[in-house]
Amino acid sequence: MTPAKDGLRVARAGPLALLQDAGRFGVRRLGVTQGGPVDLHGWAWANHLVGNAWGTPALEVTFGGLELVAERDLVLAVAGANLFATLEGEPLAGWRSLSVKAGQRLAFGAPVNGLRAYLAVAGGFAAEPVLGSVACVVREGLGGHDGKGHRLAEGDTLQVTPCRTSAGSEAPREARVDYRGPAELALLPGAQISEFSGASLFRAFNADWRVDDRADRMGVRLTGPRLQCRMTSMISEGIGLGAVQVPPDGQPIALLNDRQTIGGYPRLGALTPLACSRLAQCLPGQEVRLKAVSTEQALAAYRRFRAGFA
Amino acid sequence: MSGRFPQGLPRLEPAGLDGWMVRLFDAIDEGNMPWLTALVRECETAFGDRLVDLVPSYTTLLVVFDPLRLSAGEARKQLVELLQRLQPDEEAADAPVKELPVWYDASVGPELSRLAELAGMSLDEVVACHSERSYRVFALGFAPGFAFMGSVDPRIEAPRLDTPRRRVPAGSVAVAGRQTAAYPTVTPGGWNLIGRTPAVLFDRDREGFSLLQVGDRVRFVPIERNEFERLGGDTRAMEEGS
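Top to bottom, those sequences are chains P and S.
Take 9 as the starting number for the first sequence in my numbering and just add one per residue.
Take 129 as the starting number for the second sequence in my numbering and just add one per residue.
Next comes chain P alone, as it looks inside the complex (with noise of 0.2 angstroms):
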């Protein structure tokens, strides 16, 4: 097969970059994961610099390291976390769409602010979807630019859909997190949370919480003091977006995307998208606090958010 010549070319691959599109939905009863952007406000607003409909393929650059060559002239925009990007070189700006000609190289250095970037391109990147979507999972085998869940390796290349878009928008200043202080994360607080002891419950939402370097797309262990909940184990049940479920160690974990379908652990409730997606952007040792919210208040952060992605 001769490679197509109509995207990007990876030059190096870096530690992990993933096609994402908003996630595989409608299977997770088979056991089969969500997957999609663990920073769903980045991803959201890398495509819609470029002027791309919710849900298009764009690809999660996680910590760094990654190298493109453009095939071709192209209108992109990176978003979410400041990795140190640049464009032949010079330093290139986020948040925004620009302009690339065929043969520029775009490199991604480490992170600066935040963890993982996006990045989108005009017309999207194109792939086969798996069950109904792009999204990449490297357990399941499932999705991105291959179809067979792999990160993208040197010598891949990524299709892009053609379009024609003109580059210079720019997103608000408030749309752009600073990911480096500690973050509030949002949570609704579930069905066990009487099961927890006053002063544990206390201690969950007063307390400082790291962000522990056993963190992934699954999850993020988060440490501090010591939880205690009457519940051990449950029945495995079927695991929202961002439920913090708490293991005998006392230690929560809040799951991501990539989470199993199912699990047993009690939980204290769930963070809201928008937590999960700025948690995401946390590196290993940085400080967070939950902050209990109603669903009426997370509804409506929720579709405030999303009333700007028509």
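No lab work stands behind these hints, which were simulated from the structure alone.
The structure displayed is predicted, hence computed values, not measured ones.
Careful, some of the hints might be misleading.
These stretches of chain S come out as covered by chain P in the derived footprint (C-beta under 8 angstroms, 3 or more residues) [claimed, not checked]:
hint: 1; segment: 140 to 148
hint: 2; segment: 182 to 194
hint: 3; segment: 261 to 270
hint: 4; segment: 324 to 338
Glycine included, each C-beta is placed from N, C-alpha and C at the ideal position.
Starting from the structure of chain P, add chain S where the hints point.
Then chain S, alone, in the frame of chain P:
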């Protein structure tokens, strides 16, 4: 509400801004499943394209809806209405038994002898004990197409391995506690392996993708090595295959 639910059930529990956990029962039982599959079907009809996902599992159903088109309150109202007229899925109760051929052999089932030892049985008796009854699929999870089935005869129940294997070969048939399963793909795993099936459990190109679905009845059928090979089974022993 039908008197067949334990007192105080079903309950609706909050599960994030886009979900409700419907708790139908409080204990694992084969008899739960016709209720769960009925509720799955009713939700599909009632929610239509406002439904994002359904995750039935043992005693519960997680209902995930589109929060742009439905609030938690609206979804709850819909679910309460459904539950008030829910009837068990009689069809599921009498669903045909799906048969999974299994080559029970120590080379592909290294814990066959462990189960025999724990039960004080011969290897053949363990095989007979595992294959003579039909099982019910309680949930799918852990990996695509991985079906948790029960319940195995208490004589051959066995705890998980102290140290999980890094790579369990695809098709491995296994027992843990009173549950049994077959591994669809190579994954880590700590269950007791007793044999291997040549059946393809998960196929992205097949309609429905997963051979087994929640609520299915399943029976394991012992086959000989030559039949296993004829059906495309991988005869490599653990050391080579894992």
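These are the hints, each one checked on the structure:
Using a Cβ-Cβ cut-off of 8 angstroms, 7 residues of the segment 140 to 148 of chain S lie near chain P, which meets the minimum of three, so the contact claim holds. Only residues whose beta carbon comes within less than 8 angstroms of a beta carbon in chain P count, and the segment 182 to 194 of chain S has 10; three or more means the coverage holds. Counting residues of the segment 261 to 270 of chain S whose C-beta lies closer than 8 angstroms to any C-beta of chain P gives 4; at least three are required, and the coverage claim holds. For the segment 324 to 338 of chain S, the stated coverage by chain P holds: 4 residues have a C-beta nearer than 8 angstroms to a C-beta of that chain, and at least 3 were required.
Taken one by one, the earlier hints all hold for this structure without exception.
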